[in-house]
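Generate the whole structure from the sequences, applying the supplied hints.
Chains as they are written, first to last, in our numbering: chain A, 1 to 136; chain B, 1 to 136; chain C, 1 to 136; chain D, 1 to 136.
It should be emphasised that the hints constitute simulated quantities derived from the structure, not laboratory data. Predicted model, so just to flag it, every value in this text is computed and none were measured. Take the hints with a grain of salt, since some may be wrong.
Identical copies look the same in the list; a pair holds intra-copy or inter-copy alike.
What the hints assert, rightly or not - In silico DSBU-like pairs for lysine-lysine, Cα to Cα no more than 35 Å straight-line:
hint, residue 1, residue 2
1, Lys99, Lys116
2, Lys78, Lys116
3, Lys99, Lys109
4, Lys109, Lys78
5, Lys83, Lys116
As a plain string of letters, each chain reads:
4 protein chains.
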Amino acid sequence: MFTHEIQQRVRYSETDKMGYLYYGHYPHYYEVARAEMLRSIGHTYQEMEDVHGILMPVMTLNIRYIRPAYYDDLLTIKTSLRKLPATTITFHTDTFNSKDELMSGGSVKLCFVDRKTNESVPAPAYLLEALQPFFV
Amino acid sequence: MFTHEIQQRVRYSETDKMGYLYYGHYPHYYEVARAEMLRSIGHTYQEMEDVHGILMPVMTLNIRYIRPAYYDDLLTIKTSLRKLPATTITFHTDTFNSKDELMSGGSVKLCFVDRKTNESVPAPAYLLEALQPFFV
Amino acid sequence: MFTHEIQQRVRYSETDKMGYLYYGHYPHYYEVARAEMLRSIGHTYQEMEDVHGILMPVMTLNIRYIRPAYYDDLLTIKTSLRKLPATTITFHTDTFNSKDELMSGGSVKLCFVDRKTNESVPAPAYLLEALQPFFV
Amino acid sequence: MFTHEIQQRVRYSETDKMGYLYYGHYPHYYEVARAEMLRSIGHTYQEMEDVHGILMPVMTLNIRYIRPAYYDDLLTIKTSLRKLPATTITFHTDTFNSKDELMSGGSVKLCFVDRKTNESVPAPAYLLEALQPFFV
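As structure tokens, then:
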């Protein structure tokens, strides 16, 4: 298993009139968490798109909201890969508030698409190589 | 079953660098669909919060992305209630592009919370009354 | 002068913890207003980008906020061109609430950029032609 | 003069189909910059609203876009107060890309509103006190 952790502070723009972090902004945080997870193993989304020509569209998104988050809360976002990607990759994300209480759990499954052919392709070799050490 | 339909045109602000409707904006559309569904039976979210003192936080969100949507696409968003709400209410939402192809399917489960006590409460009677005719 | 009008209802996702339409969402509405203005004279942004290869990056944005807008308010957004575009185009936008009170005034200046050369170009002839009748 | 600096990395959700940081997201960054500037002198927006009962609605927003920002760019956002706030406060914000090139300049003027009376009030004494050392 490969786990990575980031922190995000809830912006005013992300709150709603209930005073909560709006439920539709969690996917934005998950995306940042995925990007930083990749960066932590020496790669970037940017490079995947621009150098390797691979897009990663989202196939499914699931979120369970347990406690609300509020403006200015400093959230800890823990993202895990439970297995090596194949034709798809699934990120599991748990979000904790500053009291270390679980706020929400979610998962996002993405696939790999060749930018030119617009066809689904397997996870690129360079990504598998970078991830392998976490799955032995 | 109660089904309601709205149309939404994809804004430039809602696209991402892939040229797709960003996956995190679907929940915004679902929210608009829920609000308009309520309005179609003579009620509003606004009134639920301000007059009846009931908030409706989201408990779970599930989305399956089938085809991407693009800038300026005119989407048809069909939202259904498959059963009467009790302590929770679940909206099922299918989104179609202008060729009437299914783009994505999703569901959102919300609960009812009393604004003053911050406690979970059952679906308000006035809402059940308005919905009952669709479930006979 | 060419003036066009659209209506937009404030989404829950667009409110903030003050209960106001968040100040950063006005530019999104302005963009929708510009797109619909173009559509009203038989053209689209989409076509400008995809067929004519012209991008329209924003150069300046100015907004004066007079009264707040709230969730579910049905806003009227009036956009005007005060003169024909040349190397730039400036849209003036006044926003009114449902009591027809002026909520905010703003302007957005954009230029025209050739997608291939990434160079600034004059307003395309087909656009000038479509606009000319409003400026005689 | 009081100047404060933060860094923000452009999120995928903040890009548009041109591949640019969408022009409407700059105000979100400015807001984060203001909040962190306050925090750097020992105060928070949160506290201003919740403890002191003062809201800070935006009165005017001006942005000049000079160069586009792209996905994953690490931006430096420099915010300055050029004078002590009175009945209004104006933040000037310059944004630089990772090559230290000026990307955009902007200003935001806000006022202070008493939450209970909904009336405009002068800048709170505790804020003036915290800022005074920078203006001697």
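Verification of the hints:
1. Lys99 x Lys116: Classified as between: cross-chain Cα gap 24 Å, same-chain 46 Å, threshold 35 Å.
2. Lys78 x Lys116: both (33 Å within a copy, 33 Å between copies)
3. Lys99 x Lys109: both (29 Å within a copy, 26 Å between copies)
4. Lys109 x Lys78: For Lys109 and Lys78, both the intra-copy (16 Å) and inter-copy (24 Å) Cα distances are at most 35 Å.
5. Lys83 x Lys116: Result: close within a single copy only, 28 Å intra versus 42 Å inter.
Comparing the model with each earlier hint shows no violations; every hint is respected.
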